[in-house]
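Protein chains in written order, with my numbering: chain A, 1 to 306; chain B, 1 to 360; chain C, 1 to 507.
I should point out that these hints are in silico values taken from the structure, not numbers from a laboratory.
A hint or two may mislead.
Stated by the list, open to error - Cβ-Cβ distance ranges computed for the label pairs, FRET-style:
id : chain 1 : residue 1 : chain 2 : residue 2 : range
1  : B       : ARG346    : A       : TRP185    : 45 to 55 Å
2  : C       : GLN56     : B       : LEU318    : 53 to 63 Å
3  : A       : GLY109    : B       : LEU232    : 48 to 58 Å
Note that beta-carbon positions come from the ideal geometry of N, C-alpha and C, so glycine has one too.
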Amino acid sequence: MNELALLIASAIASGTPLAIAALGLIINERAGVLNLGSEGLMLVAAIAGFATAVHSHNQALALLAGAGASALLCALLAGLLIWLQTNQYATGLALSLFGSGLSAFVGIGYTHENLGAHPVTGLPGLSRLPFLGPALFSQHPLVYFGMLLAAFSSWFFFRSKSGLLLRAVGESPEAAQALGYPVRWIRCAAVVAGGALIGLAGAYVSVVSTPLWVEGMIAGKGWIALALTTFATWRPARALLGAYLFGGVTMLQLHLQGRGVSVPVELLTALPYLSTILVLVLISRNPRFIAANMPASLGKPFHPGA
Amino acid sequence: MFKLVPRAEPSRLASLLAPLVALALTLCLGVLLFVLLGKDPLRALEMFFWEPIKNLRAVGELSIKATPLLLIALGLSVCFRSNVWNIGAEGQFILGSVGASAVALAATPESSPLLLAGVLLAGVLGGMLWAALTAFLRDRFHANEILVSLMLVYVAEQLLSYLVHGPWKDPNGYNFPQTITFLEPTRVPRLVAGTRANWGLLTAPLGVLLLSVFLRRTHAGYKLEVGGLSPLAARYAGFSSQSALWTTLLLSGGLAGLAGALEVAGPVGQLTTQVPLGYGFAAIIVAFVGRLDPVGVTLSSVLMSMFYIGGEMSQSRLGLPKSITGVFQGLLLFSLLTCDTFVERRLRFTGFRRSAPRVP
Amino acid sequence: MAGLRLELQNISKQYPGVRANDGICLEVAEAEIHAVLGENGAGKSTLMKIIYGVVQPDAGTLAWHGKPMRVASPEAARRLGISMVFQHFSLFETLTVAENIWLGVADKSRATVTARVRELASSYGLAVEPERPVHTLSVGERQRVEIVRALMTDPKLLILDEPTSVLTPQAVESLFATLRQLKQGGCSVLYISHKLDEIRALCDRCTVLRDGKVTGVVANPARESNASLSRLMIGAEPAKLEQRPLEAGAVVLAVRQLDLEKQDEFGVSLRGVSLELRAGEVLGIAGVSGNGQKELLSALSGEDARARPRSIELEGADISRADPARRRALGLRFVPEERLGRATVPSHSLEKNTLLTRKDSLPNGLLLQQKPLRALAQTLIERFGVKTRGSAAPAQSLSGGNLQRFVVGRELDAKPKLLIVAQPTWGVDVGAAAQIRRTLLELRDAGSALLVVSEELDELFELCDSLTVMANGRLSPRLRVADATRALIGEWMSGLWPDREEPACSS
């Protein structure tokens with residue numbers, strides 16, 4: 001029983017960076033911008049956060065540094081995609097490749113550092129409840145931030161005027177411009193804000209999850225977060241649940257590895273990636289369903305008219 | 001104040017100049033970076049642009065890097081022109097090396113040299129198989145090929161790890177994750193004495209020639225081009241997007257697989273976890289910088305190889321981590337994408353007044 | 001002059017290569033419905049954009065209630081009390097009516113906006129439900145939403161740009177009632193149109209534009225005839241195309257009970273579509289866009305090959321599942337509505353665009369041959385009068401009219417047994433339009449069958465022997481043009497035809 005509680009807890013903890021990154025990507029995509037740079041952004045944020053933590057010993061500062069680094073790169077991305085109208089696929093990929101190289105380069109000096117594990121405080125009082133205590137209430141604050149973020153995003157997109165406007169821009173930037181809204185700036189804001197969240201997720205991995213630096217340590221979470229946005233049909237609550245499920249799969253394979261299950265360890269390590277493929281296949285099967293839910297202008301460049 | 005306005009026709013001049021301007025921009029940023037790191041920029045430039053070509057041996061090393069980059073990038077440029085985003089070339093490269101190794105490991109010292117052909121063919125097939133997975137999932141289930149091909153890279157890495165840690169591990173290899181060194185009949189013979197360049201180098205110009213003809217002078221190439229530029233026009237004309245998907249993926253998978261086979265049957269000589277060098281990703285940059293054109297890709301693959309070698313030299317001679325190569329490659333692509341804007345658009349100075357917002 | 005709400009003096013606007021507005025003067029009184037009449041390209045849209053602040057004039061003045069004014073932006077226009085309903089709606093499909101309107105007004109809460117929408121809807125008799133998502137609305141309903149949105153700011157001047165191009169005649173009457181009510185409340189209306197009947201029925205005064213200039217201001221359009229207004233609009237009576245007695249041959253196209261599920265969320269499913277077309281016949285399909293024409297055309301061209309076997313036959317051969325290339329080989333050719341991006345690849349030269357659908361007319365071989373392709377492209381350019389600097393010019397460098405000449409020519413030159421054309425002269429200048437229509441009739445004379453889909457009833461009446469109407473994915477019974485009246489067609493555009501077996505086959 002206790003084991004199950006621990007599994008749930010670790011699934012949630014492991015899924016949190018995926019959830020926060022996916023929520024950031026949902027903000028990007030709801031505005032119509034496809035951000036293929038998520039992996040590179042998370043890597044850069046991870047090293048920025050880690051380096052800050054090493055020098056300042058302040059976890060909150062480190063997380064902010066990661067968010068900031070990613071937001072900065074996203075400002076550059078926004079300039080290229082929105083004003084210079086470069087190809088969204090190529091530019092996003094360029095960002096991922098650049099981020100990968102940059103993080104490896106900067107990270108060289110930090111491979112031997114270890115931040116040491118922080119004691120997890122969880123929610124006082126609630127963390128002592130039987131089963132639910134260890135399962136849900138003994139997490140790092142950022143985990144709860146993730147849940148609150150999902151709730152806030154849902155309210156934002158479907159009840160607030162700014163969220164409505166963002167969705168409108170994502171559906172038809174031409175119509176939004178006809179109404180007099182500064183579409184390019186709105187998209188830029190969405191890219192940067194979403195980017196900050198993606199960075200936060202990346203920093204969480206290197207500062208909280210595994211307080212070490214290893215080149216390429218994000219190991220595809222940026223890409224998985226992209227798959228999650230489609231899986232969640234761009235709805236924040238579904239993205240959160242999907243992220244936790246993924247976290248569960250990742251934790252399950254570690255669990256099985258630890259149990260000495262007689263399956264090749266490489267197959268277990270490949271499990272999250274195979275699951276992502278499975279999820280993509282399941283969700284994409286019905287193109288009409290996707291088209292009905294997808295922000296209509298996603299991936300298409302916006303020409304503000306001569 | 002300034003506005004980007006569309007041109008009536010894409011500018012050919014800008015199209016030719018963009019890669020050069022991008023390179024110049026990258027160089028400036030590079031020099032800046034070296035200065036900031038406290039290294040002599042002139043020495044650094046020497047590492048990147050002179051050392052790789054200064055003698056025959058160096059050119060041989062260059063060719064060993066340029067050939068796989070070129071092969072993969074040729075395939076990727078066909079894919080990208082058709083809007084098929086094959087990002088998993090690294091995985092196809094790995095499967096190529098695995099396929100080649102499977103045949104190579106079956107060799108005995110008496111095996112005929114023709115076995116080498118089998119090795120290379122197995123590599124091509126391995127790469128094609130891996131790419132076919134992506135094609136199938138996109139064709140049948142509309143799954144996004146970017147994410148699927150990418151996830152398959154991670155899976156391929158695990159497969160490789162499994163094989164060299166387990167069934168294919170060299171029993172006399174001190175428990176290192178590697179296979180035996182392949183036997184003579186399955187190794188690609190040396191092309192030029194005094195260098196490591198091997199016969200595999202010849203696949204490069206052959207590939208460029210065949211692909212050029214294919215893209216520019218055949219109907220199939222024309223159909224792919226239309227499909228990439230205007231999918232609705234392609235559908236109107238009756239060009240099958242399904243066949244475009246399979247053709248481009250199998251082609252690039254096969255080329256990446258061939259590159260992988262040449263790598264293990266050539267300079268490396270065995271299968272290890274260190275075989276994948278990231279060429280599958282670097283080739284994406286090579287393809288774009290080369291303008292998705294066979295001749296351009298030839299030039300950009302040489303350029304990128306120089307970056308690789310320069311990076312390695314910077315590590316041994318200047319004490320800079322060789323991952324600096326990755327930074328430059330990324331910068332080059334960003335610069336190119338920025339410069340590319342000016343092919344379809346030009347800058348117009350609109351005076352100092354704020355203009356009224358426009359409505360379609 | 002006292003009581004003038006809006007006065008434009010000598011407004012001019014130059015665009016590269018064309019003088020869109022040339023010294024235009026316009027006067028709109030208070031509580032007046034004022035028409036601006038002109039053909040496509042006469043300069044009406046540019047003028048409206050100037051009034052609404054989208055575009056600034058190069059010269060000329062604008063006065064609002066007697067005071068000189070510069071309208072710097074649509075926001076400024078709205079503040080003055082000018083509202084506009086565009087021809088192409090700016091609505092967000094996935095949002096509700098209330099949410100759409102909420103986005104168009106400054107702040108206020110969703111509840112306030114919803115209440116005001118209901119209020120406006122009931123006072124003007126505009127049936128609008130605030131909580132419905134826009135994608136569930138018909139075109140007429142969407143226009144009502146746009147009008148309510150325009151009325152939210154309590155405007156003094158409402159500009160409507162070609163409002164009836166997407167409406168059935170019944171919906172047009174409703175619209176007129178709303179506009180008359182607005183006029184009674186003191187609002188002025190600028191009514192942009194090229195439809196003579198409507199202007200004569202609705203408007204108090206009419207300014208006529210041609211080639212960017214005002215050719216006349218008519219004080220009481222109801223007293224004018226269509227002919228006199230038309231003369232002001234296009235200069236002369238359009239040449240009447242010769243009508244020939246019908247000499248129909250064998251059946252070329254047979255569509256039998258075609259049912260096709262829509263492929264995208266906002267599409268239309270086809271239900272029981274049947275028609276028969278004989279050689280030498282021209283059949284027109286009328287109807288407001290968005291009723292299944294797109295889907296039917298894709299099913300006929302082969303871009304959508306999901307039809308049930310034997311539901312589409314070309315000269316007896318079953319082509320229901322055939323791809324476009326095969327249909328072309330059998331003699332079916334198609335000129336789609338979208339010239340750039342579907343009929344042609346915009347950045348490709350005319351030569352390469354010739355190759356798009358004419359591979360069969362070129363010599364076979366492993367490699368493509370430049371010379372025969374260039375020769376064919378040249379032939380098309382010369383034969384159909386395409387004004388371009390050469391066969392190497394990219395398709396996107398041609399004007400709309402010339403590109404259409406090229407596309408129609410490319411398909412015609414292949415001597416098809418059946419030519420299907422969608423919106424043949426939409427956005428094309430008058431001269432090219434006349435030439436294209438002539439060429440189509442020449443094809444008919446040569447014995448081919450023609451299927452024309454168009455929103456312009458006038459065009460259909462000119463070109464076709466018989467007509468059918470498409471509404472909600474179904475086809476109406478077939479009518480000979482001589483028996484067709486606009487009123488009947490209008491009714492049928494709402495789907496109100498008597499149910500009968502075998503609707504659109506020749507009797």
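Hints and how they fare:
1. B:ARG346 to A:TRP185: 45 to 55 Å: Check failed, 23 Å falls outside 45 to 55 Å.
2. C:GLN56 to B:LEU318: 53 to 63 Å: The hinted range 53 to 63 Å holds for C:GLN56 and B:LEU318, with Cβ atoms some 58 Å apart.
3. A:GLY109 to B:LEU232: 48 to 58 Å: holds (52 Å)
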